[in-house]
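Protein sequences appear in the order of chains A and B. Here the first sequence stands for residues 1 to 409, numbered as in our numbering. Here the second sequence stands for residues 1 to 258, numbered as in our numbering.
What the hints contain is simulated information worked out from the structure, not anything from laboratory work. We put the beta carbon where it would ideally sit given N, CA and C, even for glycine. Incorrect hints may have been included.
[Stated by the list, open to error] Chain A regions said to be covered by chain B (calculated; three or more residues, Cβ under 8 Å):
id: 1; region: 231 to 237
id: 2; region: 245 to 253
[Unchecked claim] Residues of chain A clear of chain B, computed beta-carbon distances all greater than 12 Å:
id: 3; residue: Asn3
id: 4; residue: Ile40
id: 5; residue: Ala72
id: 6; residue: Leu83
id: 7; residue: Thr141
id: 8; residue: Leu146
id: 9; residue: Lys156
id: 10; residue: Asp182
id: 11; residue: Glu186
id: 12; residue: Phe198
id: 13; residue: Thr375
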Amino acid sequence: MSNDLLTIVKKELKRVFDDKRLVFTAIILPALAIAVIYSIMGMMIDNMVDTMQQHVPIVYVENAPEEFLRLAKTPAYLTSMELNDANGDLESIKSQIYSGEVDLLIVFEDDTEVMISNYQDYDRLPNITTFYNSSEDNSSTARFRLFPNLLEQYEKMIIGYRLGNAQYASVFAVDRIEETHDIVDEQKAAGRSFSTLFPVLITIFLFSGGMGIGMDTIAGEKERGTMATLLITPVKRETIAFGKIIGLGIISFISAISSFIGIVASLPFSKALFATGSGDVSLGALGFGVSEFALLLALMVTMVGVFVGFISLLSVFAKNVKEAGTYVTPLFMIIMVLGFMNMFNMNSVELSTYAIPIYGSVAALRAMFMFEASTVGILITCLVNIVLTGVLVVLIKNMFNNEKIMFSA
Amino acid sequence: MVDVKGLKKVYKLSKKQMAKDNRKTNKLVAANDIDFEAKDGEIFGLLGPNGAGKTTILRCISTLIKPTEGSVKVAQYDVVNDSFEVRKRIAFLTNELKLDENFTPKYTMEYFGKLYGMSKEDINKRREELFAYFGVDSYQDMKIAELSQGMKQKLSIVVSLVHNPEVIIFDEPTNGLDVITAKAVTDYLEKLRQLGKTIIISTHIMSVAERLCDRIAIILNGEICINGTLKEIKESTNTGNLEDAFFKLYQDKVGAII
Chain A
1 MSNDLLTIVK KELKRVFDDK RLVFTAIILP ALAIAVIYSI MGMMIDNMVD
51 TMQQHVPIVY VENAPEEFLR LAKTPAYLTS MELNDANGDL ESIKSQIYSG
101 EVDLLIVFED DTEVMISNYQ DYDRLPNITT FYNSSEDNSS TARFRLFPNL
151 LEQYEKMIIG YRLGNAQYAS VFAVDRIEET HDIVDEQKAA GRSFSTLFPV
201 LITIFLFSGG MGIGMDTIAG EKERGTMATL LITPVKRETI AFGKIIGLGI
251 ISFISAISSF IGIVASLPFS KALFATGSGD VSLGALGFGV SEFALLLALM
301 VTMVGVFVGF ISLLSVFAKN VKEAGTYVTP LFMIIMVLGF MNMFNMNSVE
351 LSTYAIPIYG SVAALRAMFM FEASTVGILI TCLVNIVLTG VLVVLIKNMF
401 NNEKIMFSA
Chain B
1 MVDVKGLKKV YKLSKKQMAK DNRKTNKLVA ANDIDFEAKD GEIFGLLGPN
51 GAGKTTILRC ISTLIKPTEG SVKVAQYDVV NDSFEVRKRI AFLTNELKLD
101 ENFTPKYTME YFGKLYGMSK EDINKRREEL FAYFGVDSYQ DMKIAELSQG
151 MKQKLSIVVS LVHNPEVIIF DEPTNGLDVI TAKAVTDYLE KLRQLGKTII
201 ISTHIMSVAE RLCDRIAIIL NGEICINGTL KEIKESTNTG NLEDAFFKLY
251 QDKVGAII
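Could you put the whole structure together from the sequences, leaning on the hints where they help?
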């Protein structure tokens with residue numbers, strides 16, 4: 001039996017590696033496409049952030065009190081915005097905000113200065129109205145970052161005058177002493193960045209790597225009549241099923257590794273895509289040891305078994321590659337949903353979660369990158385995956401014996 | 001030797017198939033009460049029109065599908081209980097069994113030889129012998145996709161014979177072949193008969209059956225109408241040749257030919 005198994009696995013691999021087109025689409029293209037796409041995306045995000053940081057907000061102000069203008073002209077604010085007097089031309093400025101040429105309009109009430117200095121005589125506060133454009137990033141930044149900061153300083157100034165000493169306006173000093181206050185575990189910080197996207201990406205790569213070739217290797221063989229030729233040989237059905245799954249699994253795994261190399265190659269340019277925490281986004285910062293890598297490998301290999309098992313099962317059931325696509329695509333979507341469910345989940349992974357088929361595997365990957373994985377949990381996931389693969393092999397074998405499925409003529 | 005006793009095969013039809021063929025029941029009897037014996041050193045022919053049930057019978061013998069009733073024994077092994085042993089001993093060739101076109105004839109021979117548990121030396125010996133006979137040797141390192149239709153069919157025959165099987169089952173062996181290739185195939189079948197192999201072929205071509213088969217079973221509507229040597233069939237139907245005998249039986253069983 002082991003000889004037959006080896007023969008079938010070798011043939012499956014030869015089928016792919018002899019075909020330059022398949023080698024390119026299954027192995028070279030994922031690395032290349034991901035490296036290029038992620039690098040471009042990362043560079044564009046960096047570029048966007050840079051452009052926003054370089055932009056000097058254009059602010060118009062109407063009826064500005066003298067003290068406010070003085071504050072705005074201090075070195076701290078002088079370079080961080082371009083302040084202009086609105087001169088009553090409010091409608092024209094509003095249309096410029098609408099078109100994105102101006103970022104912010106601040107309108108003080110007519111007698112604001114009188115109201116501030118005689119504040120005890122008034123039963124209401126002087127009003128400030130702001131106009132901005134929420135569809136423009138620069139305008140939103142001016143309204144919600146620059147303006148509150150400026151106003152806070154202005155209010156402190158006024159309170160200082162009222163109390164007779166500018167110092168009295170502040171009550172606390174926060175983190176004034178020069179030292180590092182961020183007591184961060186660099187490894188965990190890097191892991192946190194990776195744990196958001198990597199489990200989903202690994203899951204998707206493992207599945208998609210086997211999808212195209214999987215449908216071709218079984219449904220395609222059925223369609224072309226080469227499967228029946230194999231079924232007429234004295235090879236046990238389970239050996240054929242298992243051989244196909246192993247061959248396909250190896251291709252899937254190589255394809256996923258290729259995708260992974262693509263990510264690593266893009267990291268110098270795509271950090272912005274992965275950075276969710278303050279950690280250094282590089283595999284070096286992750287600092288996986290031998291045991292972590294061994295567990296990760298075991299997890300990925302057993303996940304591949306389940307994925308190609310499902311792909312094969314659906315492909316055996318289908319009459320041709322087109323029909324197989326109809327069955328496998330919804331499954332791919334389910335796998336993606338299970339992946340994304342983990343993406344936005346920052347809770348620790350419960351031991352029982354590890355035992356849930358597929359979802360548990362993605363959760364286990366997440367736990368690994370968060371450095372919160374329990375070895376027992378990972379082993380449970382691997383065991384569940386192995387058992388599930390075994391069940392799928394038996395189901396495929398039964399389908400091979402089902403003449404209605406195999407010879408529907 | 002192949003021994004078929006009381007073979008019946010009923011297909012269950014899906015609702016879609018029932019609607020397509022305008023059938024009232026979901027059961028289709030493709031073969032009924034089939035009895036025959038094909039002996040060693042004999043070519044046994046199943047003759048009948050398309051849809052008569054020939055392929056169904058051959059598929060049952062080849063273990064691809066299971067009989068609903070009756071028994072089929074190949075070299076004493078039951079096709080249901082000992083399908084593994086049966087598969088070791090047969091070659092089954094039909095149009096629906098194809099070879100992967102991405103491989104070369106040489107690799108394909110090695111692959112199937114290994115699956116039949118043959119040693120590398122045996123495979124090589126067999127390959128050289130069969131490739132030379134069918135003229136595949138000069139194409140053995142090309143991809144099957146690049147071969148001509150005739151060469152592909154010859155290769156299919158060669159591959160199916162790699163393990164030197166005791167029983168050879170050919171569904172329409174000369175269908176779609178040019179006259180030269182068809183002659184090579186029928187000549188080889190005669191050679192296999194001389195070697196004492198059991199050969200069962202299905203055909204709807206009278207001349208093939210007449211020239212090649214030692215005994216013929218005429219199948220109409222899933223049932224054997226007559227089973228015997230050419231001489232016995234002609235005598236029994238009181239006709240001069242197989243074609244006349246066939247049409248006489250057809251009229252009796254199915255009705256007038258339009």
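Here is how each hint holds up against the structure:
1. 231 to 237: As far as the region 231 to 237 of chain A goes, the hint holds, because 6 residues have Cβ atoms under 8 Å from chain B.
2. 245 to 253: violated (count 0)
3. Asn3: Answer for Asn3(A): violated, closest chain B Cβ roughly 7 Å.
4. Ile40: The claim stands: Ile40(A) keeps its Cβ more than 12 Å from every Cβ of chain B (closest is about 35 Å).
5. Ala72: Fine: 74 Å to the nearest Cβ keeps Ala72(A) off the interface.
6. Leu83: At about 72 Å from chain B, Leu83(A) clears the 12 Å cut-off, so the statement holds.
7. Thr141: holds, 58 Å
8. Leu146: holds, 65 Å
9. Lys156: holds, 77 Å
10. Asp182: holds, 58 Å
11. Glu186: holds, 50 Å
12. Phe198: holds, 35 Å
13. Thr375: Check passes; 41 Å lies beyond 12 Å.
Going through the hint list in order, the structure does not satisfy hints 2, 3.
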